[in-house]
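Chains D and F, in that order, are what the protein sequence lines are. Just so we're aligned: the first sequence equals residues 1 to 335 in this note's numbering. Just so we're aligned: the second sequence equals residues 1 to 357 in this note's numbering.
Accuracy of the hints is not assured; some may be wrong.
Quick list of in silico lysine-lysine cross-link-like pairs, BS3-like style, CA-CA up to 30 Å [claimed, not checked]:
| no. | chain 1 | residue 1 | chain 2 | residue 2 |
| --- | --- | --- | --- | --- |
| 1 | D | K188 | F | K294 |
| 2 | F | K96 | D | K321 |
| 3 | F | K49 | D | K128 |
| 4 | F | K190 | D | K180 |
| 5 | F | K49 | D | K131 |
| 6 | D | K239 | D | K90 |
| 7 | D | K112 | F | K190 |
Coverage of chain D stretches by chain F, computed from C-beta distances (three or more under 8 Å per stretch; other residues unrestricted) [what the hints assert, rightly or not]:
| no. | region |
| --- | --- |
| 8 | 89 to 98 |
| 9 | 181 to 187 |
| 10 | 305 to 314 |
No wet-lab data here; the hints were simulated from the structure. C-beta atoms are modelled at their ideal positions from N, C-alpha and C, and glycine is treated no differently.
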Amino acid sequence: MNLKVIAAGVLTLVAVGANAQNINGAGATFPYPIYSKWFSEYSQTNPSVKINYQSIGSGGGIRQVSEGTVDFGATDGPMTDQQLKDAKVKVMHIPTVLGAVVPVYNLPGVNKDLNFSSDVIADIYLGKITKWSDPRITKDNPGVNLPDKSILPVYRSDGSGTTFIFTDFLSKVSPDWATKVGHSTSVKWPTGIGQKGNEGVAGMVRQSPYSFGYVELIYAETNKMSFGAVRNASGKFLKASTAGVTAAASAAAKTMPADYRVSITNAPGADSYPISSFTWLLIPTHSTDPAKAKALADFLGWMLDHGENEAAALTYAPLPKQVQDMVRKSIATVK
Amino acid sequence: MSSTRMTPERETSSPLPVPTPVSPPAAFADMAPAVASTTLSPIRDYLSKRGSGRLADDSFAAVMLICACSIFAIVLFIFGILIMHSRLSLAQFGWKFFTTQAWDPVSGDFGALPFIYGTLATSLLALCMAVPLALGVAIFLTELCPRPLRAPISFLTELLAAIPSVVYGLWAVFVLVPLMRDVIGPFLSKTLGWTGFFDGPNFGVGLLTASMILAIMILPIISSLTRDIMTAVPNSQREAVLALGATRWEMIRVGVLRNSRIGIVGAVMLGLGRALGETMAVTMVIGNHPDISKSLFAPGYTLASVIANEFSEATGDLYLSALIEIGLALFLVTIVVNAIARLMVWAVTRNAPARVI
Numbered sequence: 001m002n003l004k005v006i007a008a009g010v011l012t013l014v015a016v017g018a019n020a021q022n023i024n025g026a027g028a029t030f031p032y033p034i035y036s037k038w039f040s041e042y043s044q045t046n047p048s049v050k051i052n053y054q055s056i057g058s059g060g061g062i063r064q065v066s067e068g069t070v071d072f073g074a075t076d077g078p079m080t081d082q083q084l085k086d087a088k089v090k091v092m093h094i095p096t097v098l099g100a101v102v103p104v105y106n107l108p109g110v111n112k113d114l115n116f117s118s119d120v121i122a123d124i125y126l127g128k129i130t131k132w133s134d135p136r137i138t139k140d141n142p143g144v145n146l147p148d149k150s151i152l153p154v155y156r157s158d159g160s161g162t163t164f165i166f167t168d169f170l171s172k173v174s175p176d177w178a179t180k181v182g183h184s185t186s187v188k189w190p191t192g193i194g195q196k197g198n199e200g201v202a203g204m205v206r207q208s209p210y211s212f213g214y215v216e217l218i219y220a221e222t223n224k225m226s227f228g229a230v231r232n233a234s235g236k237f238l239k240a241s242t243a244g245v246t247a248a249a250s251a252a253a254k255t256m257p258a259d260y261r262v263s264i265t266n267a268p269g270a271d272s273y274p275i276s277s278f279t280w281l282l283i284p285t286h287s288t289d290p291a292k293a294k295a296l297a298d299f300l301g302w303m304l305d306h307g308e309n310e311a312a313a314l315t316y317a318p319l320p321k322q323v324q325d326m327v328r329k330s331i332a333t334v335k
Numbered sequence: 001m002s003s004t005r006m007t008p009e010r011e012t013s014s015p016l017p018v019p020t021p022v023s024p025p026a027a028f029a030d031m032a033p034a035v036a037s038t039t040l041s042p043i044r045d046y047l048s049k050r051g052s053g054r055l056a057d058d059s060f061a062a063v064m065l066i067c068a069c070s071i072f073a074i075v076l077f078i079f080g081i082l083i084m085h086s087r088l089s090l091a092q093f094g095w096k097f098f099t100t101q102a103w104d105p106v107s108g109d110f111g112a113l114p115f116i117y118g119t120l121a122t123s124l125l126a127l128c129m130a131v132p133l134a135l136g137v138a139i140f141l142t143e144l145c146p147r148p149l150r151a152p153i154s155f156l157t158e159l160l161a162a163i164p165s166v167v168y169g170l171w172a173v174f175v176l177v178p179l180m181r182d183v184i185g186p187f188l189s190k191t192l193g194w195t196g197f198f199d200g201p202n203f204g205v206g207l208l209t210a211s212m213i214l215a216i217m218i219l220p221i222i223s224s225l226t227r228d229i230m231t232a233v234p235n236s237q238r239e240a241v242l243a244l245g246a247t248r249w250e251m252i253r254v255g256v257l258r259n260s261r262i263g264i265v266g267a268v269m270l271g272l273g274r275a276l277g278e279t280m281a282v283t284m285v286i287g288n289h290p291d292i293s294k295s296l297f298a299p300g301y302t303l304a305s306v307i308a309n310e311f312s313e314a315t316g317d318l319y320l321s322a323l324i325e326i327g328l329a330l331f332l333v334t335i336v337v338n339a340i341a342r343l344m345v346w347a348v349t350r351n352a353p354a355r356v357i
């Protein structure tokens, strides 16, 4: 409890001392680059509103918005039913942008991009596939001379939205994974070594021959890393791209639940990249301060009209049109 | 500076010393003029002119007592907060928490044993590597080093202590890990593979790499403290041993090391304290896999690392509570290890006669 009180105190201090409407948020680190860009641009066009965002992690974001410590939260994995029920402040999920997770590897002497079946990825992390020359890998990669070397699986040791998306995908494609490991921001990895952050995993993979890991698409692209293609639900091997991610979101849009808490990993559709996910803002449905709620709703409107167009430049995938229309209706209910 | 500050007090207390020269008791009759005739030293002048220090003494003692007690208060406060925030996990797992190997955030099953093992194993291994090296550095610096070399070497050891741990971690990732994977690891498994400590695949990260980076990090602390302690041994001790016909090594062993052994143990304990709590550098090279394995090539996990890794994204009250109980475990491990070290020192030094060995 004390931590929250201290956090509240710090945020209050930040809030005091300016005439502008201050809105404080906290949560996910994955969308932080685009959020900070949005918030600073929005403050320039609307000087009366100042939005402060602290990227303390999804877990912290959920905790703080549930306690009412901050005005909004942000998360990479949707809140569970239990968390929604326990929250002191009732919140709704608003999807903002989409991201993807890609498999990376280090195979000296192999220059071609590799294909990975989804169940193969699960079995590598389950410790069932231990050699690069395993027939199940070679079957997907005809013509590639794969070495008879042990695979070193590398995973994220810190709790992260990336791990949530990745393990959510593995749980869907491998029944064995679903029962033995499950999905969460951090899980009990059956094998492999853990490294902190995308940069930790990427660094380990880059310098360890015969290793295999997973990082966010935005990280792989900005660092010019080569990554593998993953077989999607329609059986097509697809390399991650913002287009593939948006396709996955569009495929899911038809069955989008009203509260947006949907997992779009392994989404149907020939062009859907299978390891994709929304990232969400957590907005209180009934704010104690109507002026703040209004300012927040105005920002969300701005995000749909202007913000989404900037997503691709930062290699986030923008929301598909159908989802944008749904979100516009939801914003109107914010009080 | 002190004289200006004392001005008001000097005025109020001036009547006090005045009577002494006027009616000196017989015994002081000779002394008083002698004092008056010599030029007063500033200290004596100040001490004779200020008033009674009782109030100042008492309040000074009280303030110092508060300072001393604050240490207890801080320790108790930390302990209390840790217990309070981990009560959910304490109630759920009880003592089993410290003896089980599970760490599964998905199913909510938590145990601290692999982390306790990782913390103790890396710290003790680091001590085994760092202490002989640190003693060597200290002995060389105090007893054997040519004067022009002394300052640069001391400066460099102290500089090592000032490097932030994340820099050590980066260095370990880019230098130590490949070195371990390609050179040290294969050599160890070839020469010492029969012990069973160097079995299994060697990826360069793991318990041994973490211990090595820890050893490098605690080396400057232990060596610079040990050097200071050895410098404090009076030269008369050295001369006495040499005069009895000892060689230089015997002089170091009997005259210096034996005299400074308590201080050296203290220095080692400070190093151990840093090793137990070190987070960043260890996290970067230990492999972060909660397993208890005999092989030192295997990845491990430490108490401090798991808190740093998982705290920010810990959703769920039990998960958070278990992580705070990990903090409690680290707190207790530190206390127990320190207590054991103190007991060992006490057992060794109690009634220890002067011996050659």
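For each hint, the structure was consulted:
Under the criterion of a C-alpha separation no larger than 30 Å, the hint pairing D:K188 with F:K294 is consistent with the structure, at around 20 Å. Proximity of F:K96 to D:K321 is assessed by CA-CA distance (about 53 Å); at most 30 Å being required, the pair is judged violated. For the proposed pair F:K49 and D:K128, the alpha carbon gap of about 87 Å is over 30 Å, so the pair is violated. For the suggested pair F:K190 and D:K180, the alpha carbons sit about 36 Å apart, so the restraint of at most 30 Å is broken.
Distance restraint check for F:K49 and D:K131: the Cα-Cα separation of roughly 88 Å exceeds the 30 Å cut-off, and the hinted pair is therefore not satisfied. For the hint linking D:K239 to D:K90, the alpha-carbon distance of about 38 Å lies beyond 30 Å, and the restraint is violated. Note on D:K112 and F:K190: the hinted pairing is violated, with a Cα-Cα distance of about 35 Å set against a maximum of 30 Å. Residue count for the region 89 to 98 of chain D with a Cβ under 8 Å from a Cβ of chain F: 0. That is fewer than the three needed, and the coverage hint is violated.
With a threshold of 8 Å between beta carbons, the proposed coverage of the region 181 to 187 of chain D by chain F holds, since 7 of its residues qualify and at least three are required. Counting residues of the region 305 to 314 of chain D whose beta-carbon sits less than 8 Å from any beta-carbon of chain F gives 0, not enough to reach three: the coverage restraint is violated.
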